[in-house]
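Q: As given, the protein sequences belong to chains A, B, C and D, one line each in that order.
Note that the numbering used here gives residue 67 to position 67 of the first sequence, counting from 1, and the numbers run on in steps of one.
Note that the numbering used here gives residue 81 to position 81 of the second sequence, counting from 1, and the numbers run on in steps of one.
Note that the numbering used here gives residue 80 to position 80 of the third sequence, counting from 1, and the numbers run on in steps of one.
Note that the numbering used here gives residue 38 to position 38 of the fourth sequence, counting from 1, and the numbers run on in steps of one.
It is worth saying that the hints were derived from the structure and are not from the lab.
Treat the hints with care, as some may be off.
Claimed, not checked - With a straight-line Cα cutoff of 25 Å, these simulated DSS-like cross-link-like pairs (lysine-lysine) come out:
{"no.": "1", "chain 1": "C", "residue 1": "Lys128", "chain 2": "A", "residue 2": "Lys26"}
{"no.": "2", "chain 1": "C", "residue 1": "Lys107", "chain 2": "B", "residue 2": "Lys113"}
{"no.": "3", "chain 1": "D", "residue 1": "Lys136", "chain 2": "D", "residue 2": "Lys112"}
These are the residues of each chain, in order.
4 protein chains.
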Amino acid sequence: MSDLLRFGISIDHRLLQQFDDLIADKGYVNRSEAIRDLIRNTLVTEAAASDEEEIVGTVTLVYNHHTRELSRQLTNRQHTSHGLVISALHIHLDEQNCLEVIVVKGKAREVKKLADEMIGARGVKHGKLVMTTTGKDL
Amino acid sequence: MSDLLRFGISIDHRLLQQFDDLIADKGYVNRSEAIRDLIRNTLVTEAAASDEEEIVGTVTLVYNHHTRELSRQLTNRQHTSHGLVISALHIHLDEQNCLEVIVVKGKAREVKKLADEMIGARGVKHGKLVMTTTGKDL
Amino acid sequence: MSDLLRFGISIDHRLLQQFDDLIADKGYVNRSEAIRDLIRNTLVTEAAASDEEEIVGTVTLVYNHHTRELSRQLTNRQHTSHGLVISALHIHLDEQNCLEVIVVKGKAREVKKLADEMIGARGVKHGKLVMTTTGKDL
Amino acid sequence: MSDLLRFGISIDHRLLQQFDDLIADKGYVNRSEAIRDLIRNTLVTEAAASDEEEIVGTVTLVYNHHTRELSRQLTNRQHTSHGLVISALHIHLDEQNCLEVIVVKGKAREVKKLADEMIGARGVKHGKLVMTTTGKDL
Numbered sequence: 001m002s003d004l005l006r007f008g009i010s011i012d013h014r015l016l017q018q019f020d021d022l023i024a025d026k027g028y029v030n031r032s033e034a035i036r037d038l039i040r041n042t043l044v045t046e047a048a049a050s051d052e053e054e055i056v057g058t059v060t061l062v063y064n065h066h067t068r069e070l071s072r073q074l075t076n077r078q079h080t081s082h083g084l085v086i087s088a089l090h091i092h093l094d095e096q097n098c099l100e101v102i103v104v105k106g107k108a109r110e111v112k113k114l115a116d117e118m119i120g121a122r123g124v125k126h127g128k129l130v131m132t133t134t135g136k137d138l
Numbered sequence: 001m002s003d004l005l006r007f008g009i010s011i012d013h014r015l016l017q018q019f020d021d022l023i024a025d026k027g028y029v030n031r032s033e034a035i036r037d038l039i040r041n042t043l044v045t046e047a048a049a050s051d052e053e054e055i056v057g058t059v060t061l062v063y064n065h066h067t068r069e070l071s072r073q074l075t076n077r078q079h080t081s082h083g084l085v086i087s088a089l090h091i092h093l094d095e096q097n098c099l100e101v102i103v104v105k106g107k108a109r110e111v112k113k114l115a116d117e118m119i120g121a122r123g124v125k126h127g128k129l130v131m132t133t134t135g136k137d138l
Numbered sequence: 001m002s003d004l005l006r007f008g009i010s011i012d013h014r015l016l017q018q019f020d021d022l023i024a025d026k027g028y029v030n031r032s033e034a035i036r037d038l039i040r041n042t043l044v045t046e047a048a049a050s051d052e053e054e055i056v057g058t059v060t061l062v063y064n065h066h067t068r069e070l071s072r073q074l075t076n077r078q079h080t081s082h083g084l085v086i087s088a089l090h091i092h093l094d095e096q097n098c099l100e101v102i103v104v105k106g107k108a109r110e111v112k113k114l115a116d117e118m119i120g121a122r123g124v125k126h127g128k129l130v131m132t133t134t135g136k137d138l
Numbered sequence: 001m002s003d004l005l006r007f008g009i010s011i012d013h014r015l016l017q018q019f020d021d022l023i024a025d026k027g028y029v030n031r032s033e034a035i036r037d038l039i040r041n042t043l044v045t046e047a048a049a050s051d052e053e054e055i056v057g058t059v060t061l062v063y064n065h066h067t068r069e070l071s072r073q074l075t076n077r078q079h080t081s082h083g084l085v086i087s088a089l090h091i092h093l094d095e096q097n098c099l100e101v102i103v104v105k106g107k108a109r110e111v112k113k114l115a116d117e118m119i120g121a122r123g124v125k126h127g128k129l130v131m132t133t134t135g136k137d138l
């Protein structure tokens, strides 16, 4: 963030009051930051909907590590992803259950496809993909 | 909207450029309106998450009107909703399929419960609840 | 629904117990109906994500009907939508606020574009698009 | 998954055909697994909506690590979270941008509050919370 601009918005005082209450509740230090977050959120949502944009994704998986072959299958899938997978974090939730977060970078379409395959693997109890920004243009 | 305030927000010029492109695409006439929409959207989402807030909902249902008893069941359910249902619009999509939009007003909790019951009725192919504002405070 | 098939699914008894509790809560009469609803929901979500599929949409708008030109603008937009708009329901929420539900049918891409324009119109306080099925294949 | 039950569901053949096509596309090996995933997804969504259920969350943050004090602030916030934070993964996306995934476990209400605070911190460009299961009951 190098080149800052400033612009004004007009708003009904009751609407602003409610917004101020909400963002205080969410821990924002000021309105500018809260509104920039709303703007960035909208842009990220649009980018994620467009298949060809480069995005970063995190795939959260919860699975039973006793499921035969699952760990190996997930690891293999990551290694054959042609450079999409950047990193992975593995956590032992309890004796049976693991959580794995896989960080992926690539075109939205490729990221979704890889996420679908891992989430759909037999033994994965729950999985979710978050699509976020590479940070470059935001 | 009677009592208008004006405040400034500072923002990186590249972020603003992307936002301007997006809102032009979506047909907004200016930034203030787009940002007010983001703010109102956030407030409506919060209100809908809180069970006790008064909201307006629209329940969209698609169903096969040949399903025995379904039309009557849906109508009965609306009439026994203790004043939640304001109005309904019925559309014949084709010889078999109907779309019905039911407009509901009440506490978020009650509205969700009524929507769940109608969406879950046997013969309803797809249903979705939109929770919106009564307009009073926005 | 003419040609019914039947197939079996195997499931852990604790998982099934939780599902049974949830669907009883939501008012489902049996598991088959609840699972068919999950399946149809998934198919509708996929269709809505694909720009070229024919879908039915409902656009819910809340606006202040005193906003100059807004009613006329919304009506004009509907009339110039080249046959997308099937019907509309208008409700007076209070002295100032109206709710309008516009039912639209067409390609997902066209429906989203029309919805964006109406939701982005100056004076519209909140708007939401629901994309649902034409019912034909579900 | 120790105690497996089996039950049948009846379904229109065209609906089943479409479902089969979709799950093949998503890489599922069979219908049972796909339907169990739909069921678990629904249960996780319900649990996340209920403030008091114990869940696991992953918070994905993208931020500019040059933002003064931000890294330290995020680290401090995690350390004062009274045991909510299990682990964190930090990735250097480029010279300016970092991605951090924080894994959190606790009541849905507490997890949401902590996520809101980190996402709202000045300098965080985009943030998203995924709520998933501890795996215990699924």
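Q: If a hint holds in the structure, say so; if it doesn't, say that too.
A: Results of checking the hints against the structure:
Proximity of C:Lys128 to A:Lys26 is assessed by CA-CA distance (about 24 Å); at most 25 Å being required, the pair is judged to hold. For the suggested pair C:Lys107 and B:Lys113, the alpha carbons sit about 31 Å apart, so the restraint of at most 25 Å is broken. A hinted pair counts as satisfied when its Cα atoms are at most 25 Å apart, and D:Lys136 with D:Lys112 qualifies at roughly 20 Å.
Hint violations for this structure: number 2 only, all remaining hints satisfied.
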